[in-house]
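Enquirer: Please model the entire structure based on the sequences and the hints provided.
All residue numbers in the sequence shown are consecutive under the numbering used here, ending with 328.
Think of the hints as simulated: they come from the structure by calculation, not from any bench. Everything numeric in this text was worked out from a predicted model, so none of it was measured. Heads up, some of the hints might be wrong.
[As the list claims (entries may be wrong)] Computed cross-link-like contacts, PhoX-like style, restricted to lysine-lysine with a CA-CA straight-line distance of at most 25 angstroms: (1) K189 x K315; (2) K113 x K86; (3) K83 x K116; (4) K277 x K293; (5) K189 x K201; (6) K189 x K293; (7) K83 x K113; (8) K116 x K42; (9) K42 x K88; (10) K258 x K201; (11) K196 x K315.
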Amino acid sequence: MRFLRIFWIVPLLSLLWFRTPYDTSTDLQKWMDPQSKKIHVLATTRMCASLVEKVGGDRVHVWTLIDEDLDPHSYQLVKGDKEKFRRADLVVANGLHLEHGRSLSALLKKSKTLFLGDRIYAQSPGLFLPMDEGLDPHFWMDVSLFSKSVPYIVEALQQIDPDHSGEYAIRGGELLLELDQLDHKIRVRMSKIPLEKRYLVTSHDAFQYFARRYLVDNGALGDFKDHFFAPEGVSPDGQIGAIDIQKIIQHVVKNRVLVVFAESNISKDSLNKILEACHAQGVELRLSKTDLYADSMGEESYIKMMEHNSKVIQQELTLEYGDE
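Expert: Below you can see the structure in the form of C-alpha cells.
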C-alpha cells in the first residue's frame, strides 16, 4: 500500500512542480484565436495594458508584448512577435521613443499603433520633461499625466466597436475618477515626508515625473531636479564610472541621503558599486528593503504599482514600516 501511495504521489508532485501560476502558452493560444469575438489588443508594456483592460472590460483581450523582466528601452522582436502584430485589432504603445529597439520601433510605425505619450504630447507639449536629446518617456510615473491616455484608449475602442461606445465611455470615466483619487492619495502620502528628506536616488532615470509631481510642493524645474538623482540615465543599460559615482556621493552627502532605491527588473550592480564607494569614504548609505517598480509593473494593476511605489518611498524615507 505504501508503494502504491508513492506511485500516485510522485506524478502528482511532478505536475505541481511544472505548473506555473498561469499557462502562458495556453493564454497566448487563446489570444491568437481567430474565432474570438473580443477586441484583441497588443500592448507593449503592462502599464499600457492595465489601462486598456480597465476601459475595455470583458470586451477586450489584451496581450503584453514585453515581459516584466525585460527592458522596454532595448527590446527587439523575437520569434512569434510579428504574428501577434498581425492578429491584433489594436496596438497600444507608450511612445515617446520608450520602445526604441530597432526592430520593434520599425514594426510599431508600420502597424495600427496608438502611441499614448505622443498623442498627449501633441496636445500638451509643456507637460513633458526633456531627457538627453529627446523627451523622458516615463510619464506613467505621474498619475495625473498618464491619466490623459484614457480618452485616447476610449476613442480607439469606440472606433473598432461602435456598438458598445457607451460602455467604453462609462468605464473610461470610472477609471479617470480612480486615477484622480490615486493621484491625490500619493500627493498626501508624500506630503507627510519632511521636505528635507524627500530625496530619491534610484537605479535609472525613471522617476523624474514622480519627483516633479510628488516630491516638491510647486513642481518648479530647479526644485524637483534637486530632489531626484539616478546613476544610469534614461535607459538602464548604461555603464557607471568613477566620475558618476563621485557625483552621486556628493549628492548623497550634500542632501543627507540615507537610502538608495533598487528597481525590480534592473541589476543592482551599479547601486552596489555606489554603496561600496560610499562606505569606503565613510559615508552612511543603505539599499532599500523593497524594490520599486519603474519599467516593469509586477503582477498587479497600474494602480497597485503606483500604490506600492509611493508606500515604499514613504516608508524608506521616514523609516516607518507600519501598515496603512
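Enquirer: Which hint numbers does the structure go against, in order from smallest to largest?
Expert: none
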